[in-house]
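Colleague: Spelled out from the first residue to the last, the chains are:
Protein chains: 2
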Amino acid sequence: MKVLITSGGTTENIDKVRGITNFATGSLGKIIAEKYIEDGHFVILLAGKNAKLPDPSDNLKIISISDTQSLDENMAKYVPQVDIVIHSMAVSDYSPIYMTDFGEVATSNDLNEFLNMKNSSKKISSKSDYQVLFLKKNPKIISKIKEYNQDVILVGFKLLVGVSKKELFSVARTSLNKNKADYIFANDLEDIFDGQHIGYLVDENGEKIAHTKSEIADLIFTTTLQKLKGEANG
Amino acid sequence: MKVLITSGGTTENIDKVRGITNFATGSLGKIIAEKYIEDGHFVILLAGKNAKLPDPSDNLKIISISDTQSLDENMAKYVPQVDIVIHSMAVSDYSPIYMTDFGEVATSNDLNEFLNMKNSSKKISSKSDYQVLFLKKNPKIISKIKEYNQDVILVGFKLLVGVSKKELFSVARTSLNKNKADYIFANDLEDIFDGQHIGYLVDENGEKIAHTKSEIADLIFTTTLQKLKGEANG
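From first to last, the protein sequence lines are chains A and B.
The working numbering numbers the first residue of the first sequence as 35 and each following residue consecutively.
The working numbering numbers the first residue of the second sequence as 35 and each following residue consecutively.
Any given hint might turn out to be false.
Since the list gives no way to pick one copy over another, a pair counts as held whenever it fits inside one copy or between any two copies.
Unchecked claim - Dumping the calculated SDA-like pairs for lysine to any residue here, alpha-carbon to alpha-carbon at most 20 angstroms:
1) Lys157 / Val51
2) Lys242 / Asp135
3) Lys36 / Glu181
4) Lys174 / Gly240
5) Lys247 / Asp222
6) Lys247 / Leu259
7) Lys83 / Asp185
8) Lys170 / Thr134
9) Lys174 / Leu87
10) Lys83 / Asp106
11) Lys261 / Asp237
12) Lys86 / Ser98
13) Lys157 / Arg207
14) Lys50 / Ile226
15) Lys178 / Gln230
16) Lys161 / Asp73
17) Lys180 / Gly74
18) Lys174 / Ser160
19) Lys178 / Gln103
20) Lys86 / Ser61
21) Lys36 / Val195
22) Lys157 / His231
23) Lys170 / Asn153
Derived by calculation from the structure, the hints in this document are not laboratory data.
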């Protein structure tokens, strides 16, 4: 089988020296990738800049991802080539449009003007006491995956912070339906510390719990391969 | 001698899952640290989260730095203990205050209200097409170093992007005077690529050029030790 895995986080540049980054170490994506590689499958790993990486292998191709656009371009290219997509990367919801002094914004008659502006300097000045950054929503990459390849088995990820299990499952099922995912791995940042990583593999019928990154990798590995076998036989 | 070196970049959290980060690999700080360690000096390295690090050594203490506040706290603690400070870290000029929907900002009568707000949710919602992030200026850490220890030899760094040599030197000399630095290492991002890293060690009397990270480390190492010897004899 060929498996595409995304890991780590994206970074959206504000200017040449700074950007907005999504915190993610890539640890989980690394362990999941190793699981498939050990079993003889070929893995394409789209990894954020500071993501932890598996050791080199003939069964592993690593592609470095900067921002959401670079992720999308590589998804469009590689998703049609694979059987399974495991999209664990923390993707920026918003990208910077324009950053300026607070004074310029406070005295404007129509803030809409800033939504079409661009910073011309390569390093934005840092003189005023307050600044304002305008951001626009990025396209949701997960929603494009089944458009790129309708036959692929898709595992999406949903990370929330400090919510109830009920809300976590509800958000996961909404994502499942909206993005035509086969599974959503749903987890809460407050359940991840030390060696523990509690999370739930959610599908239409229910949810399965895992307690560590290694258990998560096992669960996703086993479930996706069974699903693929089922579809081949069905 | 005891030397404090800062390297890598700071990250200012927007919420629990994302932040504004300054791009810096820590490569130069690593090489400078190795130079002093090899010559038998003791190095305290304040390093950003993803900074490249020297190999462990009895002559090296590494402290992990998250944001500007953590940098300042550690500067206040360690600067009084050292003879030389080499402040090569890329420090965030601004920290997030409040992030919200564009609509909420566009309909406000007084934007000043947002400068005192705080996001209550741990992960900011991502529903609206545009968002606005308000930021406040951080204290300039470099300006505090001589307050923490007036006898220290201070090397500051100034990175600009796509400016003339004249402007680069002018900005460096302004920083020299304002921060009571002994030297400013001035460089332009557009002069850093592949194995090349052109930059200038600027003081009141002139500037000395270096062409690679290794030359920069040599130049800073030699110059600071001579300066210290001169002061001891003078």
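Colleague: Reference check for the pair Lys178 and Gln103, CA-CA at most 20 angstroms: within, between, both, or neither?
Modeller: within (13 angstroms within a copy, 40 angstroms between copies)
Colleague: From the Cα coordinates, with 20 angstroms as the cut-off, is the pair Lys157 and Val51 best called within, between, both, or neither?
Modeller: within (7 angstroms within a copy, 25 angstroms between copies)
Colleague: Using 20 angstroms as the alpha carbon limit, work out where Lys242 and Asp135 are close: within a copy, between copies, both or neither.
Modeller: Neither. Shortest intra-copy (49 angstroms) and inter-copy (35 angstroms) distances fail the 20 angstroms Cα cut-off.
Colleague: When no copy is specified for Lys83 and Asp185, does a C-alpha distance of 20 angstroms or less occur within a copy, between copies, both, or neither?
Modeller: So Lys83 and Asp185 fail the 20 angstroms test inside a copy (29 angstroms) and across (40 angstroms) alike.
Colleague: If the cutoff is 20 angstroms on CA atoms, where do Lys178 and Gln230 land: within, between, both or neither? Let me know, please.
Modeller: neither (32 angstroms within a copy, 40 angstroms between copies)
Colleague: Given identical chains, is Lys170 near Asn153, meaning Cα to Cα at most 20 angstroms, within a copy, between copies, both, or neither?
Modeller: both (15 angstroms within a copy, 19 angstroms between copies)
Colleague: Within a copy, between copies, both or neither: where do Lys157 and Arg207 come within 20 angstroms Cα-Cα?
Modeller: between (42 angstroms within a copy, 19 angstroms between copies)
Colleague: Regarding Lys174 and Leu87, is the shortest C-alpha distance of 20 angstroms or less found within a copy, between copies, in both, or in neither?
Modeller: Neither. Shortest intra-copy (25 angstroms) and inter-copy (36 angstroms) distances fail the 20 angstroms Cα cut-off.
Colleague: Between the shortest in-copy and the shortest cross-copy C-alpha distance, which are at most 20 angstroms for Lys174 and Gly240: within, between, both, or neither?
Modeller: neither (25 angstroms within a copy, 53 angstroms between copies)
Colleague: Check Lys157 against His231 for me: Cα-Cα at most 20 angstroms, and say if that holds within a copy, between copies, both or neither.
Modeller: Between copies, since 19 angstroms is at most 20 angstroms while 39 angstroms is not.
Colleague: If the cut is 20 angstroms between Cα atoms, do Lys180 and Gly74 qualify within a copy, between copies, both or neither?
Modeller: Answer is neither; intra-copy 25 angstroms and inter-copy 59 angstroms both fail.
Colleague: For Lys161 and Asp73, with the copy left unspecified, which applies at a CA distance of at most 20 angstroms: within, between, both, or neither?
Modeller: neither (56 angstroms within a copy, 40 angstroms between copies)
Checked against the numbered hints given earlier, this structure breaks hints 2, 4, 7, 9, 15, 16, 17 and 21; the rest are met.
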